[in-house]
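Okay, here's what each chain looks like letter by letter:
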Amino acid sequence: MIMPVAKGGFTFSPSDWEILSHFWYPIAFSHELKAVPIAVTLLDRKLVVYRHSQGITVAKNLCLHRGVPLSMGWVEGDKLVCKYHGFRYAPNGHCTETPTHLGVIIPPRLCLETYPALERYGLIWTCLNPKAEPLLPDFQEWNDPDYVQVLPDAWDIKASAGRQLEGFLDVAHFAWIHTGTFGDRQNTIVPRYDVEQLPNGLRAAYASTVSNFTPDMWHRAPKDFLWWRVFEVTLPFSARLTVKFPEEGRLCILNACSPVSARHTKLFVPIARNFDKDIPIDTIRDFNHRVFAEDQEIVEAQCPEDLPIDLAEEVHIRADRTSIEYRKSLGRLGLGRNYTS
Amino acid sequence: MIDSREKKLVLPPPTSYEGPLPRNCTFSESDWRILANFWHPVALANKVVNQPVAATLLDQNLVLYRTSKGVVAANNLCLHRGVPLTMGWCEGGEIICKYHGFRYNNEGQCINIPAHPDAVIPPKLRLHTYPVEEKYGLIWVCLSGHPANILPDVPEWDTPGYQCVIPEPIDLSAAAGRQLEGFLDVAHFTWLHPEIFGDCNSPVAPQYPVEKTLTGLHIKYRSEEGNYLRQDGTEYTPGDGVLRVFDVTLPFSARLVVHMPDGARLAILNSASPISIRKTRLFPVLMRNYDLGEPVEPFIAYNNKIFDEDRDVVQAQCPEDLPMDQMEEVHIRADRTSIAYRQELARLGLGRSYTA
Numbered sequence: 001m002i003m004p005v006a007k008g009g010f011t012f013s014p015s016d017w018e019i020l021s022h023f024w025y026p027i028a029f030s031h032e033l034k035a036v037p038i039a040v041t042l043l044d045r046k047l048v049v050y051r052h053s054q055g056i057t058v059a060k061n062l063c064l065h066r067g068v069p070l071s072m073g074w075v076e077g078d079k080l081v082c083k084y085h086g087f088r089y090a091p092n093g094h095c096t097e098t099p100t101h102l103g104v105i106i107p108p109r110l111c112l113e114t115y116p117a118l119e120r121y122g123l124i125w126t127c128l129n130p131k132a133e134p135l136l137p138d139f140q141e142w143n144d145p146d147y148v149q150v151l152p153d154a155w156d157i158k159a160s161a162g163r164q165l166e167g168f169l170d171v172a173h174f175a176w177i178h179t180g181t182f183g184d185r186q187n188t189i190v191p192r193y194d195v196e197q198l199p200n201g202l203r204a205a206y207a208s209t210v211s212n213f214t215p216d217m218w219h220r221a222p223k224d225f226l227w228w229r230v231f232e233v234t235l236p237f238s239a240r241l242t243v244k245f246p247e248e249g250r251l252c253i254l255n256a257c258s259p260v261s262a263r264h265t266k267l268f269v270p271i272a273r274n275f276d277k278d279i280p281i282d283t284i285r286d287f288n289h290r291v292f293a294e295d296q297e298i299v300e301a302q303c304p305e306d307l308p309i310d311l312a313e314e315v316h317i318r319a320d321r322t323s324i325e326y327r328k329s330l331g332r333l334g335l336g337r338n339y340t341s
Numbered sequence: 342m343i344d345s346r347e348k349k350l351v352l353p354p355p356t357s358y359e360g361p362l363p364r365n366c367t368f369s370e371s372d373w374r375i376l377a378n379f380w381h382p383v384a385l386a387n388k389v390v391n392q393p394v395a396a397t398l399l400d401q402n403l404v405l406y407r408t409s410k411g412v413v414a415a416n417n418l419c420l421h422r423g424v425p426l427t428m429g430w431c432e433g434g435e436i437i438c439k440y441h442g443f444r445y446n447n448e449g450q451c452i453n454i455p456a457h458p459d460a461v462i463p464p465k466l467r468l469h470t471y472p473v474e475e476k477y478g479l480i481w482v483c484l485s486g487h488p489a490n491i492l493p494d495v496p497e498w499d500t501p502g503y504q505c506v507i508p509e510p511i512d513l514s515a516a517a518g519r520q521l522e523g524f525l526d527v528a529h530f531t532w533l534h535p536e537i538f539g540d541c542n543s544p545v546a547p548q549y550p551v552e553k554t555l556t557g558l559h560i561k562y563r564s565e566e567g568n569y570l571r572q573d574g575t576e577y578t579p580g581d582g583v584l585r586v587f588d589v590t591l592p593f594s595a596r597l598v599v600h601m602p603d604g605a606r607l608a609i610l611n612s613a614s615p616i617s618i619r620k621t622r623l624f625p626v627l628m629r630n631y632d633l634g635e636p637v638e639p640f641i642a643y644n645n646k647i648f649d650e651d652r653d654v655v656q657a658q659c660p661e662d663l664p665m666d667q668m669e670e671v672h673i674r675a676d677r678t679s680i681a682y683r684q685e686l687a688r689l690g691l692g693r694s695y696t697a
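Each protein sequence line maps, in turn, to chains H and P.
The first sequence lines up with residues 1 to 341 when you count with the numbering used here.
The second sequence lines up with residues 342 to 697 when you count with the numbering used here.
Since the hints were made in silico from the structure, they are not lab data.
Hints may contain errors.
[Unchecked claim] Selected chain P positions facing chain H (in silico; Cβ < 10 Å):
1) 364
2) 402
3) 437
4) 439
5) 440
6) 441
7) 443
8) 451
9) 454
10) 455
11) 457
12) 458
13) 460
Keep in mind that this is a model prediction, so the values were computed, not measured.
Note that CB positions come from ideal geometry on N, CA and C, so glycine has one too.
Let the hints inform the model, and build the full structure from the sequences given.
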């Protein structure tokens, strides 16, 4: 049995890491990124991120001189300064000054490895492979003035990103796990629905009578109202959900996982909706935090911890069509060949 | 299986259970397959009532739940999406998974999928279950499904005139073999338990016989150490001496009967359940035919003190695994039980592939 034991800090198999490194992931909130270096981890790689006048720099979080994390330093005139000996790095990663020996020629190899950065939907996104195309999920409602935009807290989950995302796509658990928020223990049946393969993911359109209101507001939907939930997956670990409310109301939720390591996920969930705009933002945030907590307890307990790519490893029911297609899609990317413990 | 002509335990063939080992198994494969052939206690029976109970045996995570047909022991995972069934609940002797409400009956068969109430449920949607025995107030499980030994024989449990008490189990960071050997050791009374068995005035251990039996070992040990708790005020003279009779049931259980001079009998069942290679849950069962009108709390506290004093030493022993090779430690005459116990464990085949 090959276990994904962290050797030298690597929790992924080399082939899984290589595949996952081609994709873009969110790593921080836009509004929190200032001219102050912050430390983040993506796919076991430790990164430093900071904002400067020309944009955003994402780099390996180590000074090349004596291995001190640059996130311990500071930003001065767009340059990142190492706390230990004052080495100064330009936004493109090049070291421009070694204060101990001013005027010496700095070898070109004294250059931080940097990564591309994009700012979308209130989040900073990056990709560890410089050749990869920026394929981000679509979330146009984030910039639509007809919608209110809400950013719940980032959610730290001790589970693999695949397990988390699959939980988000699951339509059979509302009646069981979300009874403290919107679920109804009496409404368990999952009608048949369709799943479609897309070039970079999946689309599942699910219609049921499970309300997305909290029980105290169930009366706001007409009797027998058909609730449509449309899930659009962008492989490997993002999905947007559009819930169609009565009277053309739309709730859009982007579930974007950042795989910190094989079994640690940071979840970012920008939300936009075009109704009930007078409800305080904090009320919406609190409600979503409760939903996250209900899911987190389950996802962190699942075993095996890694999402089984081999369909024979778990039993599937008709309600799991999205999950089956999602696992197949991940398998086609080549994931999971070297481990599923 | 017991062959009465040979007068020793006969193991089922090693092919009797070829299923996968538990994830993250801490035992060598051969040790695990041997130990899986025995009954081990996993829980107090009175704790498995209305709701599922989690237990771990030989690194296998189990869920226990009570049904109309007795207690079911199964792998603690719903087959659908890998959620521990102990997060769920029981209803009418059936267990329900918290995540999607899958319902499993008293044989581990899934009988209801609430998302699709009319769908035909495939027979393979059935939990992996294990044989269970309920005896001496304990739930016993055999992971291979082919028990190689019977449960320990404890006649005092069913004898009128005995008071039976089941204290809380005791967790040790130690190998089950080390714990059981400590329970059998007769030379440590005055050293580890001076307040109970007196100071070191009588450290000499008299010679004693050890006999191999069908199920393990039989030891009769007579000595002067005494001072057993008598709550009714009965005078007790250490010099009177006591007879201690140990009956080992391989691999990790033993019953001790202490015969006091006035006909008083104290019986203790010491069953060490191997949670993992160096983690043990000790299930003691206490029985006495005296002090019957007295409260049981002092009786439990008295025995817990002894187990606590033993635990400190057992957890510190090195190597952590009981050495099967007799050359690894030095033995004295008082260790006849320990020598025979190690020989018997080795004969079961244990320890072939490790001694740390």
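Against the structure, the hints:
1. 364: holds, 6 Å
2. 402: With a closest approach of 8 Å, the residue 402(P) hint holds.
3. 437: At about 9 Å, which falls below the 10 Å cut-off, the nearest Cβ of chain H leaves the hint on residue 437(P) intact, so it holds.
4. 439: holds, 6 Å
5. 440: Hint on residue 440(P): holds, closest Cβ of chain H at ~5 Å, below 10 Å.
6. 441: holds, 5 Å
7. 443: holds, 9 Å
8. 451: With a closest approach of 8 Å, the residue 451(P) hint holds.
9. 454: holds, 6 Å
10. 455: Since the shortest Cβ distance to chain H is 4 Å, the answer is holds.
11. 457: holds, 6 Å
12. 458: holds, 7 Å
13. 460: OK, holds: residue 460(P) within 10 Å of chain H, min 7 Å.
Checked against the numbered hints given earlier, this structure breaks none of them.
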